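Student: These protein sequence lines map, in sequence, to chains A and B.
Position in the first sequence (from 1) plus 36 gives the number in our numbering.
Position in the second sequence (from 1) plus 36 gives the number in our numbering.
Simulated from the structure, these hints should not be mistaken for lab results.
The reader is advised that the hints may include incorrect statements.
To be verified - Sample of chain A residues at the chain B side, in silico, Cβ under 8 Å:
1) F102
2) A116
3) D151
4) L155
5) S163
6) T191
7) I206
8) G207
9) S309
To be verified - For the chain B half of the interface with chain A, some residues (derived, Cβ under 8 Å), not all of them:
10) W69
11) D73
12) I75
13) A101
14) F102
15) I137
16) T140
17) R146
18) F168
19) A198
20) G207
21) A209
22) E224
What you are looking at is a predicted structure, and each value in this text was computed from that prediction instead of being measured.
Note that the Cβ used here is the ideal one computed from N, Cα and C, for glycine as well.
Protein chains: 2
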Amino acid sequence: MRDPFANRLDAVTAARGRLCVGVDPHPASVAAWGLPDDIGGLEKFSRGLVAALADDVACFKPQSAFFEAFGPAGLTVLAAVLADIAEAGAISILDVKRGDIGSTMDAYARAYLGDGAALAADAITLSPFQGFNSLSPAVDLARSTGRGVFVLVRTSNPEGEAVQLATAHIGQAQPPSVGSLIASQAGEANQVAGTSLVGLVIGATLDVIDISLQGFDGWILAPGIGAQGGTMNHLKELFDGHPTAWRRVLPTAARSVAEAGPEAESLKKAVHSLLQWPVF
Amino acid sequence: MRDPFANRLDAVTAARGRLCVGVDPHPASVAAWGLPDDIGGLEKFSRGLVAALADDVACFKPQSAFFEAFGPAGLTVLAAVLADIAEAGAISILDVKRGDIGSTMDAYARAYLGDGAALAADAITLSPFQGFNSLSPAVDLARSTGRGVFVLVRTSNPEGEAVQLATAHIGQAQPPSVGSLIASQAGEANQVAGTSLVGLVIGATLDVIDISLQGFDGWILAPGIGAQGGTMNHLKELFDGHPTAWRRVLPTAARSVAEAGPEAESLKKAVHSLLQWPVF
Chain A
37 MRDPFANRLD AVTAARGRLC VGVDPHPASV AAWGLPDDIG GLEKFSRGLV AALADDVACF
97 KPQSAFFEAF GPAGLTVLAA VLADIAEAGA ISILDVKRGD IGSTMDAYAR AYLGDGAALA
157 ADAITLSPFQ GFNSLSPAVD LARSTGRGVF VLVRTSNPEG EAVQLATAHI GQAQPPSVGS
217 LIASQAGEAN QVAGTSLVGL VIGATLDVID ISLQGFDGWI LAPGIGAQGG TMNHLKELFD
277 GHPTAWRRVL PTAARSVAEA GPEAESLKKA VHSLLQWPVF
Chain B
37 MRDPFANRLD AVTAARGRLC VGVDPHPASV AAWGLPDDIG GLEKFSRGLV AALADDVACF
97 KPQSAFFEAF GPAGLTVLAA VLADIAEAGA ISILDVKRGD IGSTMDAYAR AYLGDGAALA
157 ADAITLSPFQ GFNSLSPAVD LARSTGRGVF VLVRTSNPEG EAVQLATAHI GQAQPPSVGS
217 LIASQAGEAN QVAGTSLVGL VIGATLDVID ISLQGFDGWI LAPGIGAQGG TMNHLKELFD
277 GHPTAWRRVL PTAARSVAEA GPEAESLKKA VHSLLQWPVF
């Protein structure tokens, strides 16, 4: 049986640093590598990026949407990318932002966290619009298969605030924001599981951490380094008041790394300039 | 060019009634038809259900999760199911509950709402955890390709309330709930588009409509009839105070219809007993 997700992530980040590289085969990025906007270009870009960085990076985050855009054939490429990441000894965090209830959530869990599933990753992202506890089939399956989940709590797009900072009426004297509530529920789920398999997604370009992280001890995926405007310095400052949480932040860069390609040496150089950053 | 989504839905529901049948190849439902829990069983169940009801039902709602659970091969079956629905002259509402921002949301839109996409449906479901306006790439593409979207606002699972009824602080004297805010934003998007391409998802088993539908004039997908405990009578009562909205409610039943199969005559009978219900 696979080791628990948190232990595997501890080990690989200790060895390679905490950088997570997004695999985002955006048509513009694929074109910038001189590749066509077709299934062949999708495959060469995505697998080429992972191959170039296979020994250097702890985590890769493929963005499912860009593969889904090519239909079933795109998903076949995604399966190959996930296998490449496993082969590299790195952790795959598949960005699918799924969320549903009951037997449907269970089917999503089987699709992406089940042993033997064609698209199984080490972890996936989840969206909690139907409430944190609606995601429990995924949390439960991840626990039993040694995998993990990262739940959206605070995204850096301005439209997210109306939902994520709304006041949740759950019978508390000081009602929390939706984001704070979900972070605390994630922390409780880790307590119950006895391992930090539930992580959070917090945008690297937020101005401040405007939710409570009290009681949450898991990993934090922080997308937005580079092309979206986030810097390592800003991210470190963002977590200044949260030193414990900071040790488990996974700064995530996608386009800014990819645009150094397609040459492997240039890609490695782009990654190493991020990894040289003091905290790693 | 395809007619606008709302016009096509008007026409087919006028001819066939407003019932939407869920295509949920849940392992238990597939087994109940005497089919194996494999890709062949998935295909026979899903295409068999659509074939049996092709002339009787206005809308089919395939649940993507059950197809994704079989990986790329499952998505190939889903593409065939979507083609069958189009062939039947019915409307496909693909339940994918996608939600993201920027170029990622754009990729999801191309995957499911783009002309020529392998998995293009007449409409998809969307999840607004990152804010309604983050979904605009899908709304924009749906408008230009004559397709539609249904945005989650109030789901009937108890865990959904903490998010969907949270108070959204958007600078109004009487701040709305998240669900009310999204419903009003959906209404505005329809105003801007000049056609009701943005619908809402409201669970049929809610006790009351506890959000405001003011300013919203689009379609409402109401899953939960049958196995989840919703009845047509309850659904009608639920919308008693919303007579205008009621005329565009699509009551959605999945397992309760499927369990009448696999014989086509029994499936038709199950659907006709729902369609005989007075309001249709």
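Student: Would you mind marking each hint as holding or not holding in the structure?
Tutor: Status of the hints after comparison with the structure:
Of the supplied interface hints, the one on A:F102 holds, with its beta-carbon coming within about 5 Å of a beta-carbon of chain B, less than 8 Å. Checking A:A116 against chain B by beta carbon gives a least distance of about 10 Å; that is not within 8 Å, so the hint is violated. The interface hint given for A:D151 is violated, since its Cβ lies 13 Å from the closest Cβ of chain B, which is over the 8 Å cut-off. With a cut of 8 Å, the hint placing A:L155 at the interface with chain B holds, because the nearest CB-to-CB distance is about 5 Å.
Hint on A:S163 holds. Least Cβ distance to chain B is approximately 5 Å, under the 8 Å limit. The closest approach between the C-beta of A:T191 and any C-beta of chain B is roughly 5 Å, which is under the 8 Å cut-off, so the hint is satisfied. For A:I206, the suggested interface contact is upheld, since its CB lies about 6 Å from the closest CB of chain B, less than 8 Å. The interface hint given for A:G207 is broken, as the beta carbon of that residue sits about 10 Å from the closest beta carbon of chain B, more than 8 Å.
Proximity of A:S309 to chain B is violated relative to the hint, the smallest CB-CB distance being about 24 Å (cut-off 8 Å). Given hint, B:W69 at the interface with chain A, is violated; its Cβ is 16 Å from that chain's nearest Cβ, farther than 8 Å. With a cut of 8 Å, the hint placing B:D73 at the interface with chain A is violated, because the nearest CB-to-CB distance is about 11 Å. The criterion of a C-beta within 8 Å of any C-beta in chain A is not met by B:I75, whose closest approach is roughly 11 Å, and the hint is violated.
With a least beta-carbon distance of about 4 Å to chain A, the hint placing B:A101 at the interface is held under the 8 Å criterion. Here the hint on B:F102 is kept, as its CB sits about 5 Å from the closest CB of chain A, short of 8 Å. Nearest Cβ of chain A to the Cβ of B:I137: about 5 Å, under the 8 Å cut. The hint holds. Given hint, B:T140 at the interface with chain A, holds; its Cβ is 5 Å from that chain's nearest Cβ, closer than 8 Å.
At about 5 Å, the closest approach between the beta carbon of B:R146 and any beta carbon in chain A falls short of 8 Å, and the interface hint on this residue holds. Interface hint at B:F168: satisfied, since its Cβ lies 7 Å from the closest Cβ of chain A, which is below the 8 Å cut-off. A hinted interface residue such as B:A198 counts as satisfied when its beta carbon comes closer than 8 Å to some beta carbon of chain A; here the least separation is about 5 Å, so the hint holds. With its C-beta approaching chain A no nearer than about 10 Å, B:G207 sits outside the 8 Å limit, and its interface hint is violated.
Taking 8 Å as the C-beta cut-off, the interface hint given for B:A209 is violated, the closest approach to chain A being about 16 Å. With a least beta-carbon distance of about 13 Å to chain A, the hint placing B:E224 at the interface is violated under the 8 Å criterion.
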